[in-house]
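All chains, full assembly: derive it from the sequences and hints.
Quick note, the sequences are listed as chains A and B, same order.
Numbering-wise (this note's numbering), the first sequence opens with residue 1 and increments by one.
Numbering-wise (this note's numbering), the second sequence opens with residue 328 and increments by one.
Any given hint could be a false lead.
Cross-link-like lysine-lysine pairs, in silico, DSS-like; alpha carbons within 27 Å at most [as the list claims (entries may be wrong)]:
(1) K75(A) <-> K183(A)
(2) K113(A) <-> K594(B)
(3) K370(B) <-> K131(A)
No wet-lab data here; the hints were simulated from the structure.
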Amino acid sequence: MIQLKNIFQTYGKGHVLNDVSLDIPDNAITALIGANGAGKSTLLGVASRLLPVISGDVLLDNVNIRSIKTREVAKQIAVLKQTQSIGLKVTIAELVEFGRFPHCGGRLKAVDKEKIDESINFMKLNDIRDKFIDELSGGQRQRAFIAMILAQDTKYVFLDEPLNNLDIKYSVEMMHIIRKLVKRLNKTVVIVLHDINFASAYADYIVAMKDGKIINQGAVKDMVCSDVLNNVFDHNFNIIEHMGKRVCLYYGNHSHDLIPNFNSEDEFLNQIGHNHSATELDKSIEKSRRRDFFKFQYFVDKIKSKDKKTCSNENEIESRKEGTKMN
Amino acid sequence: MRQNILKNKRLLMIVLFILLFFTSLRIGAVSNVTFINLLKGNKLAWTILMSSRLPRTLAIILAASGLSVAGLIMQSISRNKFMSPSTAGATNAAGLGIIIAFITLSTQSGIIQTIFAFCFSLVSTLLFTSVINRIHVRDVVYIPLIGMMYGGLISSITTLLAYQFDVMHMMQTINNGSFARVGSYGMIYIIAIPLILAVIYSSKFSIIGLGEDFSKNLGLNYNRVVFLGLVIIALVSAASFTAVGPLPFIGLIIPNMTASFYGDNIKKTIIDLMLFGINFVFVCDIISRLIIFPFEMSVSLTISIIGGVIFMFYVIANIKRKNKSQIQSNDKLISRKNDKEPQIAHD
Chain A
1 MIQLKNIFQT
11 YGKGHVLNDV
21 SLDIPDNAIT
31 ALIGANGAGK
41 STLLGVASRL
51 LPVISGDVLL
61 DNVNIRSIKT
71 REVAKQIAVL
81 KQTQSIGLKV
91 TIAELVEFGR
101 FPHCGGRLKA
111 VDKEKIDESI
121 NFMKLNDIRD
131 KFIDELSGGQ
141 RQRAFIAMIL
151 AQDTKYVFLD
161 EPLNNLDIKY
171 SVEMMHIIRK
181 LVKRLNKTVV
191 IVLHDINFAS
201 AYADYIVAMK
211 DGKIINQGAV
221 KDMVCSDVLN
231 NVFDHNFNII
241 EHMGKRVCLY
251 YGNHSHDLIP
261 NFNSEDEFLN
271 QIGHNHSATE
281 LDKSIEKSRR
291 RDFFKFQYFV
301 DKIKSKDKKT
311 CSNENEIESR
321 KEGTKMN
Chain B
328 MRQNILKNKR
338 LLMIVLFILL
348 FFTSLRIGAV
358 SNVTFINLLK
368 GNKLAWTILM
378 SSRLPRTLAI
388 ILAASGLSVA
398 GLIMQSISRN
408 KFMSPSTAGA
418 TNAAGLGIII
428 AFITLSTQSG
438 IIQTIFAFCF
448 SLVSTLLFTS
458 VINRIHVRDV
468 VYIPLIGMMY
478 GGLISSITTL
488 LAYQFDVMHM
498 MQTINNGSFA
508 RVGSYGMIYI
518 IAIPLILAVI
528 YSSKFSIIGL
538 GEDFSKNLGL
548 NYNRVVFLGL
558 VIIALVSAAS
568 FTAVGPLPFI
578 GLIIPNMTAS
588 FYGDNIKKTI
598 IDLMLFGINF
608 VFVCDIISRL
618 IIFPFEMSVS
628 LTISIIGGVI
638 FMFYVIANIK
648 RKNKSQIQSN
658 DKLISRKNDK
668 EPQIAHD
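Right under this line is the structure:
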């Protein structure tokens with residue numbers, strides 16, 4: 001099990017991680033969620049020893065990670081940062097071979113070759129194993145990197161936003177693969193996810209971060225509810241259940257955008273096709289319609305003011321700006 | 328199938344290498360160094376072979392393979408295909424070292440020159456890489472440009488010093504790359520050390536080329552490997568500069584051409600890279616010895632001309648490929664619906 005104890009991490013002025021403690025449950029997918037700049041990637045970096053810990057301890061099976069040789073840690077923990085084009089002519093097979101480095105130091109033995117073939121087959125890449133990485137589609141490339149991680153044969157796998165730059169089909173495929181890693185190969189996966197719905201559908205545990213702190217953690221069913229998520233993302237969540245999975249609707253309630261805007265009563269009357277004529281009947285109709293307009297206007301104003309209170313549009317924009325600044 | 332092709336390519340390179348090796352031994356002002364004369368035990372032929380022809384050929388082999396490897400490692404460390412010892416100031420710093428060695432100790436001994444050159448180019452590359460890592464350059468192409476300016480700066484300091492201390496004649500000698508410098512070949516054998524190191528650590532250098540996070544994930548001590556790489560680069564630059572002078576373009580075009588033929592997995596390509604570099608310099612050297620026979624041109628001139636042309640071709644091909652891949656990626660978007668990719672079984 002990987003445990004983080006009182007981690008403080010600073011860059012420049014503020015704390016990027018502020019007294020973070022976390023036990024990562026074995027044999028499950030733990031998703032890290034939070035707004036931009038909440039410290040998810042930093043936490044992942046610290047837990048996976050890519051970033052040196054400034055203050056605090058990371059324990060790997062109750063041993064401080066600092067006292068273990070990096071090569072030994074590499075046999076236990078594999079981490080994959082975002083994998084854009086690497087700009088090198090390396091084939092899939094060669095990339096997967098790199099994964100064996102911690103075990104064989106570059107000299108492949110029979111065991112290593114077996115493991116490489118196994119990983120390539122597991123990721124269904126055997127037909128294209130001699131293709132160069134840069135010739136692949138985004139989904140294939142991501143699979144090739146996962147194959148490398150598999151060849152590394154570690155118990156723990158950390159993935160930093162593996163769905164970035166993947167379209168929907170490949171994203172779903174990737175999450176299925178990650179589920180398979182846990183179910184079939186008994187791995188422990190920690191994953192940074194941007195899309196809360198992917199976390200809801202595929203993760204076992206969710207850790208929510210905000211301003212460098214863990215503000216909530218727990219099983220998916222306890223975490224995916226509007227009380228928790230509203231707080232994490234400073235945004236209104238609407239949660240529905242579909243086929244046993246919870247789905248978050250977070251597109252906001254900007255209903256006033258859909259309401260037609262009328263500047264005057266006449267405009268309203270024109271819009272609803274009112275005929276201006278002089279008969280008594282028409283006049284009475286016109287009167288009632290003018291009353292309708294005022295009723296309508298009253299409701300519109302009410303909806304708009306309600307929206308402003310709950311959606312707090314400006315706040316959301318500001319928090320986003322802060323997020324980008326921190327990045 | 329791919330491996331077969333690679334094997335054939337390597338075999339071709341080895342055959343070419345053997346042919347060029349003997350041709351290189353055969354060429355010279357004295358024409359009696361023939362196979363038959365050697366077999367007969369002709370003393371003059373043997374003396375010329377052992378004291379002039381063979382050292383020269385070995386110098387070509389070591390300098391060419393050393394510079395190719397140094398360029399490769401530099402490109403791998405900086406993750407930039409346009410880097411090489413000569414575009415990062417390493418060669419210029421070696422020149423500065425030699426001039427300072429001459430001014431302060433007034434010696435032309437090879438070892439002292441090499442030590443000075445090594446120290447200067449190591450410090451210079453360390454300085455350059457650490458500065459480059461701190462500043463954020465928008466486009467990687469600017470890094471070698473900055474490197475060349477930096478190299479120019481060092482060169483001008485060298486010239487200034489040489490002018491001040493009245494040793495301009497040294498400048499001319501050291502800046503003229505040639506394999507005809509009788510007697511200074513001794514230092515070239517030092518290159519064998521970094522070459523062996525590079526082969527031993529080749530798999531680590533290929534991993535370094537994939538980035539710092541990637542290397543750390545695989546349990547590699549990134550900083551240590553980078554430092555080792557810089558030491559190899561400095562050693563090769565210093566020794567080759569002292570012994571044969573500047574050989575431009577080798578560190579730049581050979582790794583690029585090898586990468587386009589064999590790929591970027593250093594562990595697998597390092598031998599091919601060396602063979603390729605050696606054959607290239609052999610050809611250039613033979614040309615510069617034959618063109619005004621029995622005199623010879625400076626080999627750095629021939630290399631500059633041929634290398635420059637190849638480099639231009641490489642750059643143009645690169646641009647064309649980029650345009651093509653853009654068109655292809657547009658096509659891909661259109662034809663994605665017909666994509667018949669193996670489906671992953673979902674469970």
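CA of K370(B) to CA of K131(A), is that 27 Å or under? 56 Å, violated
Restraint check for K113(A) with K594(B), where alpha carbons must lie at most 27 Å apart: 16 Å, holds
Given hint K183(A) paired with K75(A) - CA-CA distance at most 27 Å: 20 Å, holds
When held up to the earlier numbered hints, the structure conflicts with hint 3 and nothing else.
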